[in-house]
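Line by line, the protein sequences give chains V and H.
The first sequence runs contiguously to residue 198 in our numbering.
The second sequence runs contiguously to residue 366 in our numbering.
Since the hints were derived computationally from the structure, they do not count as laboratory data.
Hints are supplied without guarantee of correctness; some may be wrong.
[Stated by the list, open to error] One side only, chain H facing chain V, incomplete, derived with CB under 10 Å:
1) Arg229
2) Phe304
3) Thr322
For each residue, glycine too, the CB sits at the ideal point set by N, CA and C.
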Amino acid sequence: MNQPPEDFDELLDQALSRYVSHEPRPGLEQRVLAHFHAQASSEATLVSPPKLQWLWKTAAFAMLAITLLLVVVVLSLKGPAPLPHVPQFANHEPVHQPLLDRKPPALAPSLARRHRRPAASTITSVPRDEVTPQERLLVDFVSRHPAHALALAKSAPTPAQPFEDKSPQPESIQLHALAIRPIEIRPIDITVKEPPSF
Amino acid sequence: MTNDTLSHAALVQMIERHSRFVYRIAYSVLRNPADAEDVTQETFLQLLNTETGELREERSYLARIAWRLAVRRKRRLPSIELPADTETTTDSPEAHAIENQAEAWFLSQIDRLPEALRQALALTALGELSSPEIAIILGIPEGTVRRRIHTARQLLRKQWEKRKGVRP
Numbered sequence: 001m002n003q004p005p006e007d008f009d010e011l012l013d014q015a016l017s018r019y020v021s022h023e024p025r026p027g028l029e030q031r032v033l034a035h036f037h038a039q040a041s042s043e044a045t046l047v048s049p050p051k052l053q054w055l056w057k058t059a060a061f062a063m064l065a066i067t068l069l070l071v072v073v074v075l076s077l078k079g080p081a082p083l084p085h086v087p088q089f090a091n092h093e094p095v096h097q098p099l100l101d102r103k104p105p106a107l108a109p110s111l112a113r114r115h116r117r118p119a120a121s122t123i124t125s126v127p128r129d130e131v132t133p134q135e136r137l138l139v140d141f142v143s144r145h146p147a148h149a150l151a152l153a154k155s156a157p158t159p160a161q162p163f164e165d166k167s168p169q170p171e172s173i174q175l176h177a178l179a180i181r182p183i184e185i186r187p188i189d190i191t192v193k194e195p196p197s198f
Numbered sequence: 199m200t201n202d203t204l205s206h207a208a209l210v211q212m213i214e215r216h217s218r219f220v221y222r223i224a225y226s227v228l229r230n231p232a233d234a235e236d237v238t239q240e241t242f243l244q245l246l247n248t249e250t251g252e253l254r255e256e257r258s259y260l261a262r263i264a265w266r267l268a269v270r271r272k273r274r275l276p277s278i279e280l281p282a283d284t285e286t287t288t289d290s291p292e293a294h295a296i297e298n299q300a301e302a303w304f305l306s307q308i309d310r311l312p313e314a315l316r317q318a319l320a321l322t323a324l325g326e327l328s329s330p331e332i333a334i335i336l337g338i339p340e341g342t343v344r345r346r347i348h349t350a351r352q353l354l355r356k357q358w359e360k361r362k363g364v365r366p
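Construct the complete structure from the given sequences, taking the supplied hints into account.
So, in structure tokens, the structure goes:
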């Protein structure tokens with residue numbers, strides 16, 4: 001008659017081998033293979049053939065090219081951006097040459113780097129020889145419908161007049177000199193004619 | 199199938215060679231036959247897009263995938279199914295009963311171990327993986343694997359001595 005094992009290590013190893021030695025149901029390999037084949041075939045149908053992939057790539061490239069072309073055309077039709085309003089520069093007195101020749105004071109290298117600016121001081125008056133889109137439209141309209149344009153120009157409202165200031169004006173304050181009569185001081189006549197009787 | 203991916207014949211051979219091994223790894227983590235089989239199938243499906251360069255050590259590779267999938271699944275399934283039947287190594291009915299009782303106790307104690315210790319112990323108990331392989335699968339150094347196994351055994355020993363009424 002065998003005795004039950006009392007040794008801890010022996011019992012633990014026995015329990016551990018039982019713990020992990022569970023056998024699968026028969027036919028595990030077949031089930032795994034079948035599942036594998038099913039999945040592989042479904043993935044194969046999902047993958048598009050190479051010709052289709054090339055078609056997609058070509059279509060995407062064509063769309064991109066058309067978009068770029070449209071952007072370029074729209075930008076060219078739009079014209080240049082309006083210039084910033086810088087009329088003061090044109091009216092300024094010309095800068096004397098000695099001032100231009102004068103070199104800036106020497107700065108520390110880091111400061112000099114910080115103060116380095118783009119050539120903004122060379123802005124001068126730019127002749128405006130281009131027509132804005134609004135002006136172009138106006139010219140087009142006048143050339144096509146001169147009579148209508150003339151009528152519109154005649155019926156154009158007069159330029160707005162400044163509003164008259166009709167706010168109530170306060171009356172001017174008139175100052176009148178106060179008539180002050182001089183005070184006369186007269187002596188009081190106190191004479192007791194009869195003593196009071198009780 | 200491109201040249202870089204595995205050929206169909208190689209995949210079939212791999213399934214036939216390693217499916218039981220993969221199943222046992224999954225079972226050691228999940229303790230549930232149905233879940234272990236699902237993980238086995240998922241493991242081999244991972245090979246569909248695997249390149250041949252990744253499969254120098256196909257056994258370790260499969261074990262690593264199976265272990266990861268099993269751990270991921272275990273996080274979703276907290277319930278544990280304990281085995282009801284145990285194999286006997288003794289002839290006496292009395293010894294059989296005592297041994298069954300002790301083994302059931304051990305199995306329950308192993309299940310109560312911290313997950314990191316339990317996995318290291320279970321992978322060692324498979325008997326098919328060396329310490330370096332287990333280290334690769336768990337993603338930890340080999341020394342840590344040994345330490346975890348030692349700690350797990352120590353914890354179980356303490357519980358066993360407490361159960362027997364023996365002071366350590």
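Hint by hint, here is what the structure shows:
1. Arg229: 8 Å, holds
2. Phe304: Nearest chain V Cβ about 3 Å off; hint holds.
3. Thr322: This interface hint holds because 8 Å falls under the 10 Å limit.
Violation of the numbered hints given earlier is absent; every hint is satisfied by the structure.
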